[in-house]
Amino acid sequence: MKKDIILAGVGGQGILTIATIIGDAAAVAGLSLKQAEVHGMSQRGGDVQSNLRLSTEEIHSDLIRQGTADLIISMEPMEALRYQDALAKDGWVVTSSHPYKNIPNYPDEKAMMAELCSLPHTAILPIEDVARDAGLPKCANVVLLGMAARYIEILSAEQLRESIGRVFASKGEKVVEMNCRAFDLGLNAVKE
Amino acid sequence: MKRLLLGDEAIALGAIHAGISGVYAYPGTPSTEITEFIQANATDVRSRWCTNEKTAMEAALGMSYAGKRALVCMKHVGMNVAADAFVNSAITGINGGLVVLAADDPSMHSSQNEQDSRFYGKFAMIPILEPSSQQEAYDIMPYAFALSEQMRLPVLMRVVTRLAHSRAGVEIATPMAQNQLNPDNERTHWVLLPGNARRQYASLVEKQAQLLKLAEESPYNKLSATERAPLGVVACGIAYNYVMENDPARLGVPVLKVSQYPLPEAAVKALAAQCDALLIAEDGQPVVEEQIKALLGTDYAVKGRLTGDLPRMGELTPDNVGAALGVVMEQSFTTAENVVPRPPALCQGCGHRDVYDALNRVAKEYADARIFGDIGCYTLGALPPFRAIDSCVDMGASITMAKGAADAGVHPAIAVIGDSTFTHSGMTGLLDAVNDNSRITIVISDNLTTAMTGGQDSAGTNKFEAICLGLGVDPAHVRVVVPLPKNMEEITRIIREEIEYEGVSVIIPRRECIQTLNRKLRKKRAQE
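Chains H and B, in that order, are what the protein sequence lines are.
When we follow our numbering, the leftmost residue of the first sequence carries the number 20, and every step to the right adds one.
When we follow our numbering, the leftmost residue of the second sequence carries the number 6, and every step to the right adds one.
Next comes chain H alone, as it looks inside the complex (with noise of 0.2 Å):
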């Protein structure tokens, strides 16, 4: 079994927390990992994504191969259609709903959330105001992340749960607590 995962976001959104709490899970689950990520120039404020494979079998390319990736994750909505051309015709979009606008040419909202409710299979969330609204305002990426775990489907919720006590241990239990939180806000928003 694999699962070839496009993380993406603007710099500094947290896309890589993400991708530290999937690695710990799969890490701990003895599951294969090649992990891509965008250092330097490009993290100031530009778009970001990191290439996140995880397998049962030996992974060689630490890039995923156009047309096969299974799940796009992503903190802006057209950041995950950046990267549509990478999906697997049975592949799942997990996106933030928010657009940021950091630049002058942002494409027509309406026109951009319409090309991507028209992929076959998306989930689409404000985790913002999710986050906002339970009082965890610094934990929009972990929301997101609890919307895309079942979808992970090679690791569970419970694992991925678990990762999160580990990865934010050195940071306090509330912190810890806040987000498992923000995990379960996600996890619940998109069942069926």
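Hints listed in this document are in silico derivations from the structure and should not be mistaken for laboratory results.
Keep in mind that the hints are not guaranteed to be accurate.
Claimed, not checked - Straight-line alpha carbon distances no greater than 27 Å define the calculated DSS-like cross-link-like pairs of lysine-lysine that follow: (1) LYS127(B) with LYS218(B); (2) LYS193(H) with LYS22(H); (3) LYS157(H) with LYS529(B); (4) LYS308(B) with LYS227(B); (5) LYS190(H) with LYS525(B); (6) LYS528(B) with LYS193(H); (7) LYS529(B) with LYS193(H); (8) LYS157(H) with LYS525(B); (9) LYS7(B) with LYS190(H).
Place chain B on chain H using the hints.
Then chain B, alone, in the frame of chain H:
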């Protein structure tokens, strides 16, 4: 359990476990995290940042001279800066193991060119190692140092962005102890007067046959079980992964993996003898493709970047390598329509923003103003909304290009350079300008850190006025300002005054990088 490590971290841990006593480096994407990992994880390894790649290379050679193992790290263009010391370290030879790590950036994710460091290794006539995975990057480090000490030569290790900045599980081995202090006594090796240099070069030439033999026998080069096939592949470094992703065994394509150079010619010939054509998959420039063309002659079909079977530029991917192997993937979705580029930008609240705002206001008043930029976050001043700079070429070129343009008659000729770039390669250019009394205005935009690469210590912090005065700039024309919107009137007035001065002036806008400042505040808050 395997440890999850970035390629850079795997290299760093491999070097620590190979018993290095020092790492010498200047920050540069994608190599920076190697030194950062050593700084954070090995207190018994000397690891402070160096002023530039040349000082790093020379200090590492000094540690090698003293008998200890040393690692030098840089991005590919840093090799140009270190080249004098690097090439001559192959002539002196080494004492303690010396490994030079060059991180290339095909596709120029964070660079101004995609030069291939393997040319430098070949140029200096030393062994090159090119690991294909994070595990191999870790494993190959002790091997690299042993190879260096066995052949008494520096070893070049070449990686690319996708290996350096990709994470994977790595199996960890037992650490080795550091070497004892044991300075070399062979002055004839180290004093490169022509008489000695000729002997040393002859010895380097003589070692080439042994280097080739070691590459032929290397555990890191391997030829897959082969039978007659229409096409064979030579896969170098990380390209091996992209080839393997396409399942060459299923395609009936034999593969020669190359991770140690000089190019194992016997293995290439053995593969060629069983195939009608060879595809050369290598990330970067067609270094191996050219060599194999020469090796097999014009009648043999050698495919690769030079023939258009692979793209001439840009990094390899599992897709373009797959296409060269005839593997066509089904694409379910097209490129989206409602997507626009999102270029990086200077952070909100960044002092460079106020510097460019001021420069643009003043430059508008002169028809022929030219602003020569340099390498760093502030290169983003080239993009909207500022569009402020006319050039950005290499570390330090802002000052020297402004000088040359002023010599030719350009006025005002303004240089914008960051604090770390100034100490890296700007100081010597400033001395030239002072000695010529060139009519240039130099802006050292000091944010107290090496910001572009993530906020490493900057070599000249708190020393800039003293450096400029020491190099001979008139004290009346070394001006310090605080780049904030509320100071705009003062800053623009000072820029105007210094443009009108008929000599070298230096303006130092100084305000801490907003990123490092926020990081410190967060850390402080967490401690409270």
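Do the hints match the structure? See the list:
For the hint linking LYS127(B) to LYS218(B), the alpha-carbon distance of about 16 Å falls within 27 Å, and the restraint holds. Between LYS193(H) and LYS22(H) the CA atoms are separated by roughly 31 Å; this puts the pair beyond 27 Å, and the hint is violated. Of the pairs offered as hints, the one joining LYS157(H) and LYS529(B) holds, with about 18 Å between alpha carbons and a cut-off of 27 Å not exceeded. For the hint linking LYS308(B) to LYS227(B), the alpha-carbon distance of about 20 Å falls within 27 Å, and the restraint holds.
Between LYS190(H) and LYS525(B), the direct Cα distance comes to roughly 16 Å. Compliance with the 27 Å bound is thereby established for this hinted pair. Note on LYS528(B) and LYS193(H): the hinted pairing holds, with a Cα-Cα distance of about 17 Å set against a maximum of 27 Å. About 18 Å separates the Cα atoms of LYS529(B) and LYS193(H), which keeps this hinted pair within 27 Å; it holds. At roughly 18 Å between alpha-carbon atoms, LYS157(H) and LYS525(B) fall within 27 Å of each other, so this suggested pair holds.
Among the hinted pairs, LYS7(B) with LYS190(H) is consistent with the structure: their alpha-carbon atoms are about 24 Å apart, no more than 27 Å.
In this structure, only the earlier hint numbered 2 is contradicted, and the remaining ones agree with it.
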